[in-house]
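Throw the hints in and build the complete structure from the sequences for me.
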Amino acid sequence: MLKQTLKLAAALMGSTLVTGAAFAQDTAAAVAAVPNPGNNAWMMTATILVMLMILPGLALFYGGLVRTKNMLSVMTQVGAVACLAMLIWVMWGYGLAFGPDAPSGVMGQFISGGAWFLSGVTLESTAATFSDEVISEFVFISFQMTFAAITAALVLGGIVERVKFSTVMVFTAIWLTITYFPIAHMVWAEGGLLFDMGALDFAGGTVVHINAGVSALVAALIFGKRIGYPTERMPPHSLTMTMIGTGLLWVGWFGFNAGSALEADGFAGLAMINTFVATAAGGLFWMLAEAVSGRKGSALGFCSGVIAGLVAVTPAAGNSGPFGAILLGAFSAIVCYFIVTEMKPKLGFDDSLDAFGIHGVGGIVGAIGTGIVYQPFIGGPGDGSTGMGAQVWIQIVAVLVAISWAAIGTAIAAYLAKAVTGGRVTAEAEREGLDLAEHGERAYNY
Amino acid sequence: MLKQTLKLAAALMGSTLVTGAAFAQDTAAAVAAVPNPGNNAWMMTATILVMLMILPGLALFYGGLVRTKNMLSVMTQVGAVACLAMLIWVMWGYGLAFGPDAPSGVMGQFISGGAWFLSGVTLESTAATFSDEVISEFVFISFQMTFAAITAALVLGGIVERVKFSTVMVFTAIWLTITYFPIAHMVWAEGGLLFDMGALDFAGGTVVHINAGVSALVAALIFGKRIGYPTERMPPHSLTMTMIGTGLLWVGWFGFNAGSALEADGFAGLAMINTFVATAAGGLFWMLAEAVSGRKGSALGFCSGVIAGLVAVTPAAGNSGPFGAILLGAFSAIVCYFIVTEMKPKLGFDDSLDAFGIHGVGGIVGAIGTGIVYQPFIGGPGDGSTGMGAQVWIQIVAVLVAISWAAIGTAIAAYLAKAVTGGRVTAEAEREGLDLAEHGERAYNY
Amino acid sequence: MLKQTLKLAAALMGSTLVTGAAFAQDTAAAVAAVPNPGNNAWMMTATILVMLMILPGLALFYGGLVRTKNMLSVMTQVGAVACLAMLIWVMWGYGLAFGPDAPSGVMGQFISGGAWFLSGVTLESTAATFSDEVISEFVFISFQMTFAAITAALVLGGIVERVKFSTVMVFTAIWLTITYFPIAHMVWAEGGLLFDMGALDFAGGTVVHINAGVSALVAALIFGKRIGYPTERMPPHSLTMTMIGTGLLWVGWFGFNAGSALEADGFAGLAMINTFVATAAGGLFWMLAEAVSGRKGSALGFCSGVIAGLVAVTPAAGNSGPFGAILLGAFSAIVCYFIVTEMKPKLGFDDSLDAFGIHGVGGIVGAIGTGIVYQPFIGGPGDGSTGMGAQVWIQIVAVLVAISWAAIGTAIAAYLAKAVTGGRVTAEAEREGLDLAEHGERAYNY
Amino acid sequence: MQKGDASVKLIIAIIKPFKLDDVREALEGVGITGMTVSEVKGYGRQKGHTEVYRGAEYQVTMVPKLKLEIVVPADLASRVVETISQIANTGSIGDGKIFTLGVEDALRIRTGETAETAL
Amino acid sequence: MQKGDASVKLIIAIIKPFKLDDVREALEGVGITGMTVSEVKGYGRQKGHTEVYRGAEYQVTMVPKLKLEIVVPADLASRVVETISQIANTGSIGDGKIFTLGVEDALRIRTGETAETAL
Amino acid sequence: MQKGDASVKLIIAIIKPFKLDDVREALEGVGITGMTVSEVKGYGRQKGHTEVYRGAEYQVTMVPKLKLEIVVPADLASRVVETISQIANTGSIGDGKIFTLGVEDALRIRTGETAETAL
Ligand SMILES: Nc1ncnc2c1ncn2[C@@H]1O[C@H](COP(=O)(O)OP(=O)(O)O)[C@@H](O)[C@H]1O
Ligand SMILES: Nc1ncnc2c1ncn2[C@@H]1O[C@H](COP(=O)(O)OP(=O)(O)O)[C@@H](O)[C@H]1O
Ligand SMILES: Nc1ncnc2c1ncn2[C@@H]1O[C@H](COP(=O)(O)OP(=O)(O)O)[C@@H](O)[C@H]1O
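Residue numbers (the numbering used here), protein chains in the order written: chain A, 1 to 446; chain B, 1 to 446; chain C, 1 to 446; chain D, 1 to 119; chain E, 1 to 119; chain F, 1 to 119.
In case anyone wonders, no lab produced these hints; they're calculated from the structure.
Just so it is clear, the structure is predicted and the values come from calculations on it, not from any experiment.
Everything hinted at is true.
Derived pair list, reagent style PhoX-like, types lysine-lysine, alpha-carbon separation capped at 20 Å:
1. A:Lys346 with A:Lys225
2. C:Lys346 with C:Lys225
3. F:Lys47 with A:Lys296
4. D:Lys41 with E:Lys41
5. C:Lys296 with E:Lys47
6. D:Lys41 with F:Lys41
7. B:Lys225 with B:Lys418
8. D:Lys47 with B:Lys296
9. B:Lys225 with B:Lys346
10. F:Lys41 with E:Lys41
Below, the structure is given as structure tokens:
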């Protein structure tokens, strides 16, 4: 029943336990199953690592890139959006994405149901992994909670330094509900549209990065450019902070990627080593791309390449050998480099922190590339039963579905949030900076 | 023999192994017991996470809130106090709190004994958990060591920017000995006064937060206000640092709370999810309280709410369902908000970094609230055998005992330290800043 | 077959599995052996912790110590060097250090072979621990990868603020190949020169710290002093960053030391508590040494002492009792204090960030001291079969071999790198700062 | 050069920070190729803002400004003042001031040139 | 306006940083509603401090000061100088200096007003 | 004191930052024991640098300089100017400028001393 290909199928298994024809015998087995402390320990560690990616990781990475006057605004938005996502997750998010009672018919390909307000989840509840093991359901819920939280925060990269805090909050609530939860269900839950299609997404290349990147781009277009962009000087106020954030993102990403194995097994080990080498390649090849195009290899280039590598290896983490991962990381860095430094200025949109240019583009490179590096001839763990062409085609379809869904969902969420709360701050507030205008504080009082 | 209610009863069990009537048969079992690597792994991870809370977590959280000229002083005090606590812990602290040979009679309700200088502890020694499992005793000792270290460091929040480094060190040594170790014993060790009374404190609401908060207040009163307080401008010199600290504290707090399950089991999972949602609620409700009282939702408000939520959920982490935890986090944030922004200015004491206002007050809210959210009718894990009223009463008594003990112990420690080392720096040194005056350095040389 | 003394003998065991006479029966057992998830979880956690030491840990520790104008240069060099080391590691580093096919004869005492490009490593491959357990080989490779990466980055401490980025990269590639991989093999792999001699090095005192420290000194001598050293003012631009780095290094070091047990067992617990108390002693005794020599106890002193303690306890982590570790940490801090503040100024070399003064010197103190604290009479875990004098002698020989090898290897690597890439930046670039000159960016745009 | 009737003038202009680039470019048009700029805090009619940190309210009365110091030949002074006052003008309170002072001597360190030739 | 007998004066006062608020308030009492403040380093009789970083000792001879620049009508100048010198006085070395210079022209950018009315 | 022929002069020197210590020491040799230093940005012949952040190129035209303000008795002024111009000279573009202005009054806050005695 379970496919032999490795996918983040916990939801599948978790739900198998309580739904469908397999109900009787499986439940009996499941109730008896007790989490191995080693797997539970690993998954808690992984969950905490993803939390580290959000606060302080992403808050610093993004915060360092904006101007001094908007530092607190960015950090607070990242933090508050994550908090909101956590609360929504335990109320209706987990149910929509991974709940035990998926609606029957076509609807069930897009959302699930049940477990509203975590009803039915107890200390003894477990979620299945990819083998015969289980982990505590509270741990699985927490792990997935952090994914929803960071994805919502990533979207902010397109709209920082100009949108009201209240708008951001309303946007997030709607966006998670109509964009994130359905996409997570489609990709990671059995019965989900893309899951059933056989799309590979080990740790969220599509659900997290393409989704967040495209949403950031659409939101950037809807909310418009920052005053003064692109003529005014807007250098990052502290690349030191961005570098700290980069380091913490990398560190936390092991929770993201190796945690997506749901067990402390060999797949986790593979995901871990891939998350080292793809990232290393990403960091160095971005700098190399700069050098080749006649620029200086830069610190921000290094950071950007690290993220580009991490993003690209995300769907491939347990779906590739180390050298496939290196190729993916290097290639992603080069492609993102050209999109961000060559194409973006020409197109003229203000995806302020390159959430699209790196997460969106890197995510697409990774998603499609996973179809290639998965193949055994290049050292991947696939068994070759689905040919490279077929797999790549599936990946492309999944990417297109995710892009469309994210774009439409974001447009709806952004226009609604704008209608309710006003959207942008006043021009005067934008000049003064959101820290003072929106929060009444300054980041630094040296 | 072991109560069915969940308490941090490691000491109980650990000591059961080598004392009392149960000695013979238990020891036999214990010697044979080998830690499950999963539980050992989780508890080491948890220990490291608490370390992360101290350095760099708390050092940054506190450091960011003071003026530039005292940044290093705060960070060094936090670090050095933690180091001192670690050394004292292995010399006599572990013995006083959790040693195997508690004095007989009333004394045994307040302190334990034995295991001085860790005598008798070997590579094979184990400490019991709440089930039949054991963990390595060195791991248990390390885990508890970090609790002592961070509690001592938290107290500094009341007295920064004015007290001599030497005074701080002497104060800490005395305070740990007469305040922290006895309270830890009373609450967490079998035979301890409050433990036997049935007080619930999953991860240290009373031992760590009420204790540190009240001690900070008393120390603030004894050492007096900073020169210029409250008329002079004293804005936080870097809310960026405070925000980083907040993130690291949250991340590390999972070690604190989920680690207090002593195993990587379902209770740990429950403590984890509660530590997510109570905190999320805390962060958002503090900002909401600001908005409702006509202010701007602020970054520091967000950080404060996060801490208020974390503090309140500490005693309740494994003693509440997720929605009880959300209530607790939100309520704690609101109460702390009013104490810190409305009441403190009126009372006029200089609890400089609101160690009392947030850790003390949030700890009290959490300790008493745990008596409520523990009940099954609100989704708590309690079995209802102790009624809500009775449990709340026990919690209140425990809070009052902790407050009194902390206040008296702190007064003694503070006056002694002052007598030996002088207490405050000179007015000139305070003006110049403790970084230059006490350490001969400046935090920033841009 | 396996010595009863505890050494980081994974390579021994790993290779035993696929080489030599024991092949047939061992392989059968090995193929069957499946990693306990608890051990795999712990080793992944440990690996991630060492990553945290590099980025952002060491990048901040070193970065805070240089002048503003070189901040990004330092952080980027640390990051890029680590990335390069990761890629080289999976290409030929792992093979040279721990590959399954060591050359026969004398050569095999210095390097290993095989497993080039990780050939032969699969999801099911395992590496043996010190007991009958195994961990996933990908995890072991990742863990050791981080050691190579951080050691290469540590060397930069001797040559920051003046050497070209390209020179640093070429130097690193050569240095790892001719210095690090052979020394790792000599100390940690069965058949390795120093391993067979019985030298104790639990977590890398010799391989990492003596090696990096001596290499930094030699490189500092070859590349020469910074312009203006020592007459010009060069205070650390942000001790705040250095303090954050210190905290992260300490936190990550638990992965380093307790991870070197390769299991989540009692040895890991011992290594953990030693890593607490030796470090605590180091931090406090450096400040004490300052006070005794008539200076102010300083924040940087505290940080330096913490590192000195960590370095010294590294070879002793699982080879000492807690009070032996305290002695070692305190002693190392005092010795390093005098070397760095008294001797260095007299000798006049520009080991800019005291990589030699702390890692080299502390590593030597630790390596030799391990021969003492290992003994049972002082609470160490040794069985006394090798007398103290004999063990200390072995340690001294190992230190001398490591120093010579590192010095020669570094000289070759440095002169080669200089020949190929030019070595130092121009005087003008050095004045302007490497951030602008080499990377075209500034760390802060407040 | 007669004292009190300096052939070289020091023009001190306090302006809003975001006007710097425009002013600099406009001055280039008038032939001014040198100036010295400082970040300063200005106190005047323009009100500052309020900051609140955990209930502690601080009125910040000073606003960030840039101070331009431009030494020019006397005959250029009025054109420079005019140019700055036009370009830096936004019509809102806090646009700033321009002060002119007499300079008795000017010298270029590199060459030792003095007076107008030093500029 | 006659050159050399300027009807407007520039008062430059170097003071200890923590005196700023007091001085500003006292000046308001004298009718001064504008000034420009810079953070500067002062070198003088007041000794600095020593910093030590891992044995490297640095004598820091400069101490942080604030520089106030206040342009006032000539007839107010002496009262302003007096007020500052009273309020900023702590009696200890390093209290600072006050210098008065003549200003030839003053102009408010927003309105184009000049001389005293520009202040 | 006669206006326009001030017995006290304000010397404003713009120099390269790394020359500060040398200049300060040399001035001590001439008997100057006080000065006030500000960090400023200089715009002039000396070109700045280019920064690039993810493809966004910024030309930075301003270079960091130090501004020294030294008030001296009139008879010392020329020696001070000479000293600075010798010591701060590196022969390369951007060495800076020295301007001399007349000061009408000087006062030491601590003692109330005026004119030369205030310095
Ligand atoms: N008397 C003064 N002396 C020196 N600087 C002044 C004086 N008055 C104003 N300034 C400077 O000019 C700036 C603008 O003045 P302000 O009164 O706010 O508005 P406006 O320029 O419209 O008159 C102030 O921020 C301050 O820096
Ligand atoms: N000759 C001078 N020119 C310019 N500024 C000076 C001069 N002498 C002193 N100062 C400034 O005045 C400040 C105070 O001077 P100092 O000699 O320390 O004490 P005092 O004010 O008591 O005479 C110095 O820090 C410096 O900023
Ligand atoms: N007209 C001017 N008014 C005020 N400051 C000036 C002027 N011209 C130059 N400066 C200052 O002098 C510095 C050096 O001038 P620059 O033209 O670069 O080289 P040089 O000193 O060799 O002539 C500038 O950076 C600026 O701070």
